[in-house]
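Participant: Each chain, letter by letter, is given below.
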Amino acid sequence: METVGQTLDIAWILVCAALVMLMQAGFSCLESGLVRSKNSINVAAKNFADFCLSSVVFWIFGFGLMFGATAGGLFGLSGFFFGEAASPFLMAFFIFQLGFCGTATTIVSGAVSERMRFGGYLVVATIISGVIYPFIGHWVWGSAAGSKPGGWLEQMGFIDFAGSTVVHSVGGWISLAAIIIIGPRIGRFGENAMPIRGHDLPFVTLGVFLLWFGWFGFNGGSTLGLTPDVPKIIVNTTVSGAFGGIVALALTWRLEGRPDVTMIMNGSLAGLVGITASAHIMNPLAAVAIGSIAAVVMYFVTRLLERFEIDDVVGAVPVHLGAGIWGTLAVAIFADPKSWGSGLGRWDQFVVQATGVGATFVWAFGLGFSLLWLVNRWVPLRIDPRGELIGLNVAEHGASTEILDLLTAMDRQRQTNDFSQPIAVEPHTEIGQIAQQYNNVLANKRPRINSVIGSRASKSTSIANSRPIILNSIT
Amino acid sequence: METVGQTLDIAWILVCAALVMLMQAGFSCLESGLVRSKNSINVAAKNFADFCLSSVVFWIFGFGLMFGATAGGLFGLSGFFFGEAASPFLMAFFIFQLGFCGTATTIVSGAVSERMRFGGYLVVATIISGVIYPFIGHWVWGSAAGSKPGGWLEQMGFIDFAGSTVVHSVGGWISLAAIIIIGPRIGRFGENAMPIRGHDLPFVTLGVFLLWFGWFGFNGGSTLGLTPDVPKIIVNTTVSGAFGGIVALALTWRLEGRPDVTMIMNGSLAGLVGITASAHIMNPLAAVAIGSIAAVVMYFVTRLLERFEIDDVVGAVPVHLGAGIWGTLAVAIFADPKSWGSGLGRWDQFVVQATGVGATFVWAFGLGFSLLWLVNRWVPLRIDPRGELIGLNVAEHGASTEILDLLTAMDRQRQTNDFSQPIAVEPHTEIGQIAQQYNNVLANKRPRINSVIGSRASKSTSIANSRPIILNSIT
Amino acid sequence: METVGQTLDIAWILVCAALVMLMQAGFSCLESGLVRSKNSINVAAKNFADFCLSSVVFWIFGFGLMFGATAGGLFGLSGFFFGEAASPFLMAFFIFQLGFCGTATTIVSGAVSERMRFGGYLVVATIISGVIYPFIGHWVWGSAAGSKPGGWLEQMGFIDFAGSTVVHSVGGWISLAAIIIIGPRIGRFGENAMPIRGHDLPFVTLGVFLLWFGWFGFNGGSTLGLTPDVPKIIVNTTVSGAFGGIVALALTWRLEGRPDVTMIMNGSLAGLVGITASAHIMNPLAAVAIGSIAAVVMYFVTRLLERFEIDDVVGAVPVHLGAGIWGTLAVAIFADPKSWGSGLGRWDQFVVQATGVGATFVWAFGLGFSLLWLVNRWVPLRIDPRGELIGLNVAEHGASTEILDLLTAMDRQRQTNDFSQPIAVEPHTEIGQIAQQYNNVLANKRPRINSVIGSRASKSTSIANSRPIILNSIT
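Protein chains in written order, with numbering that gives the first Met the number 0: chain A, 0 to 474; chain B, 0 to 474; chain C, 0 to 474.
Hints may be right or wrong, so weigh each one.
Stated by the list, open to error - Anything over 10 Å on all C-beta distances counts as not near chain C; from chain A, calculated:
# : residue
1 : Phe80
2 : Phe117
3 : Ala143
4 : Gly156
5 : Val229
Unchecked claim - What follows is a set of in silico ranges between Cβ atoms, one per label pair, in the way DEER data are often shown:
#  : chain 1 : residue 1 : chain 2 : residue 2 : range
6  : C       : Phe80     : A       : Arg345    : 21 to 27 Å
7  : C       : Thr226    : A       : Gly71     : 50 to 56 Å
8  : C       : Gly189    : A       : Pro194    : 35 to 41 Å
9  : A       : Ala353    : C       : Phe80     : 44 to 50 Å
10 : B       : Ile332    : A       : Ser86     : 23 to 29 Å
11 : C       : Glu1      : B       : Leu76     : 43 to 49 Å
Hints were generated in silico from the structure; no laboratory data involved.
For each residue, glycine too, the CB sits at the ideal point set by N, CA and C.
Just chain A, same shape as in the assembly:
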């Protein structure tokens, strides 16, 4: 039987779990808006499927690996097929942690978008949520569900309050591994490179707001109860995110002459990621510093990736890895040593924090790269160029759009030179109305077209080619 105070803690964890769950929607909006429209459905589908998948995996064995009784500080060994006979608190804790696992997993989906196969992505998502993430999670938070002594990093005194390293850096490292393996999108770099833009920035903005909203729970719930620290944690989180956005705004305006919208938002996200390691022990002034610097780190990592021609579609590496590492190290720079609870001096704590960063690099990037490289030999992660060109919406899901249907139908006509049939596009859409006009014209012109084609077939078959969306009058 819980006391009222314990019940309140459970309520708080559940509310925060719901907010963290909604971050999946935030990522989905953010990422599907930042790709070209031809890939938007694929990205959204990945975001949805990976949440389902990581939940299944985490329920079956991820939670047990992460929070079970430790095997030498390396991984847990109890709590698989979660649920039988767990206490209400543990049930709430499970739901909260499930959202964290989903977050680490879904970070990758944006970075690799526009060219990774759906099936390949599901394999990647399984690897993250089932193998990479729960281990690092155990190292840092292994005792959180009560199984002492927990993981080796926490035993060393490593501090990562809500997952700058455990969640965000892990997602960032695997993103980096994946985009190195699959390579940049066609046309992204090289001689005739063009900027590739997102197709729906208001949707991206909504996504960032949803993420920020979710971060109230992500950081606010990581106390695992409604402790007196919670309000301060949320103040720090908000202030860090706000300063991150403003610094990125100033930076991009100054260096590029324009306030780049995506950069402002990634600046805020970087601020939020950065404060995540230490929101419980900072004061707001330190949060201002952490958020501001996180935005600067994000900015320059973005430029660095571009210089190395590493194609991160949504900026997952700068935001989640760059700011994640910064935030993890900042624990030892800005916080009051007494707040650490590790008894270490500032330099020793820094070394411990750096050790955690290094271990995460080895496991998340090293193992992640190796596994993805192996998988890639077995099932290619990257879609074929044709699929990439027509877009993953169609290539992977058969999810065409009105305009694509039309273009396809017209293309068929052009290639066959057969204009005798109207094109069978669904006529009751806006695009369909254009097609209708095309068909009307075809109907009127068919005899003349044929005669024209006939009379000039030898010198110009290109008349067929010249019939694009709208067939015009031919005198």
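Got chain A; can you put chains B and C on it based on the hints?
Facilitator: Chains B and C alone, transformed into the frame defined by chain A:
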């Protein structure tokens, strides 16, 4: 004066009520994304208007019919014009229940979209929220606000925790009645049938995430307090939804060769609907089974409707009715008989559950069908074919779009053969820029066009027809 | 050390703060959907940047001006650079209030959209959140953080529960000042005026749902704790919003022959704004009256602005100012005098309420207008007409879209008459596929085009002009 524990219960109900309210946004995104763009505004408007309308109706008399002192277990008779002198708990309960009424109501809007008149839909929504829903609600949950002995089904021992039957099946049955009465969309079935696609799947994905988020409150709040069961309920809900999605993903990939995005999401929704009847008494393993089977049920009901040429635009019937019935029956299949509290054996409980399903069929489908049929004789529910073709955005709300304005203006020119005036499309849109070019060309060409038309009027008036969006050079 | 009851209050404030924060997302969706697509990114960026900016300003000095120890009832003088040594309750209160400041600020962004420069808007946002809002906030709520005696209006007995005046009217007055100073959009009024429509109404609908959801916290949290009044407050809020929507629906259908979608939503928003001043002391019947009348006020203020050719893109003035004033006055009309706690009679209370409205007019509109007028002399707030025509997405953020890239590239060709190069539009988009066809045709036709141009250069250079998106066959 409430104790702190009671206050916490109220807080929990209010939070859950907010989450349930947000499901309205989820339905709106889901449904407006699954229709063609020409109907998207109409669908969103229906979702918004029906929430307002059902709130008004529920406040005036729905709540009283549902939770008032019972008249023979059939309906309630007190609590109309809710509000005077209600306790804080009852106030919170009212808000929570109002969201449920709104959910049952709005389920229909998606199924009937793209061809039902807005006015007709408001009548339908009034019937659901004021007549159909509160009665069934009384039968099953009539005593929830304290008016013993409550409805006849609950007295029999019927179990429907959070509304697999009361909310989802009711919405599903009325959807089925409505789409049978109004018939399929033009071009959906028959010889030249084309698949009709949604126009914004990332928006649909957002909608499903919002629904899932809302389900934390929908199921988590149905204990009407923060009891020790709440965390388990949310675990069950999440696990069932996740497995539903994965099963649907596997099924559609295997049977159709592609992971169908809409199916994955409907699979998760089916899982969520299925567990709703029993989330409080299942263990996670049973939740896995219920969610997985719910997705299978959803899949085959979808195919069944197609075979019978019943046109359910968003899959409301498979998701809310199919999985709702399944979830209601599953109570008697998977739960521990001791958990029922009805003292019945497994078979007897099954019969009671089936009785509830049957009674809901009679009242929601039978009465719903009859009322809609009568309404349809009096005010046709279906829009005329012309309105359906141009889309309900324009036909019902005058809510044109840039491209439609242009097409309309050009059509007018073509029909009148009068090219002497530039078309008056708002020039400062992307589409307007196309129009601008058209006008530029008109300005340059007007004398020549007229002479051309003049010289060839007899042999070809089709020149006018051949001026689609962009007027091209005529040599 | 807090008691459990106090901890619960803090939890409730934090949850409500999160909901209020999400209203930023609601405004962003609402406003970016109500503008033309060429300005949508700019609007979303403003909504995001002003939240960051107002948070920074409020943290540095806004909170101190508003809630610090009062200087004669006019403004506060402590609590700057918020955070050092604040209690958990005060921390939670800060976050909650920060959302309110952000709301007052962002109301303006919609009204001035489609023609205000981004930089100018940031100045405006700073003025609101740093100067205008905290002063009025201090007058009305100055003692809320414990610094007695608080502001001069609250000492008079002025009642504004959650900000019909403090938040909504302030935002509305500054919106009015700003749109008078910058003037209407090109083409909005005058002889050839065309209606200017929003480009994404389903997104607008989502925004309104998010706002409504946020209002649960906006009003529900303004008790600053989970008091027994909270459920009633939320019932009143919901009922008022629902009736506002239905009244606006009826009104617009009756007066204009169609259910205008935007009006329905603005009706609900007006209902929500109207009840905000008094949700804690009304009964639901009075809430029905307040919400219904708020919608009527909103409707006629909308028409009034149009008559005076004041161009409010999203209806911020009718909704936030019109309904805000109405709601503030309604406190003295509908509430039980005993509930006021001011000891005033009905007429005296009305005078006090009107005094608050007048003082807000003077400070928010008077000072706001003056400051904006001054700023406008120094940095023009309005973008140049060319920027307005091509849209602020491109003009301010370089955030082009696929179709714009194409149009620009084609325009360049036309102006230079040089068709020797294919246009360099990113080829792997839907629009890019159209461009591809164009290029294909160019490739086939180039010799012929050149010869045609050559042979007719004297009599017709317009052939270049006649090449719009798609190059057609030239016989």
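Participant: For each hint, tell me whether it holds in the structure or not.
Facilitator: Here is how each hint holds up against the structure:
no., hint, verdict
1, Phe80, "holds (32 Å)"
2, Phe117, "holds (18 Å)"
3, Ala143, "holds (21 Å)"
4, Gly156, "holds (26 Å)"
5, Val229, "violated (7 Å)"
6, Phe80(C) x Arg345(A): 21 to 27 Å, "holds (24 Å)"
7, Thr226(C) x Gly71(A): 50 to 56 Å, "holds (52 Å)"
8, Gly189(C) x Pro194(A): 35 to 41 Å, "holds (38 Å)"
9, Ala353(A) x Phe80(C): 44 to 50 Å, "violated (31 Å)"
10, Ile332(B) x Ser86(A): 23 to 29 Å, "holds (27 Å)"
11, Glu1(C) x Leu76(B): 43 to 49 Å, "holds (45 Å)"
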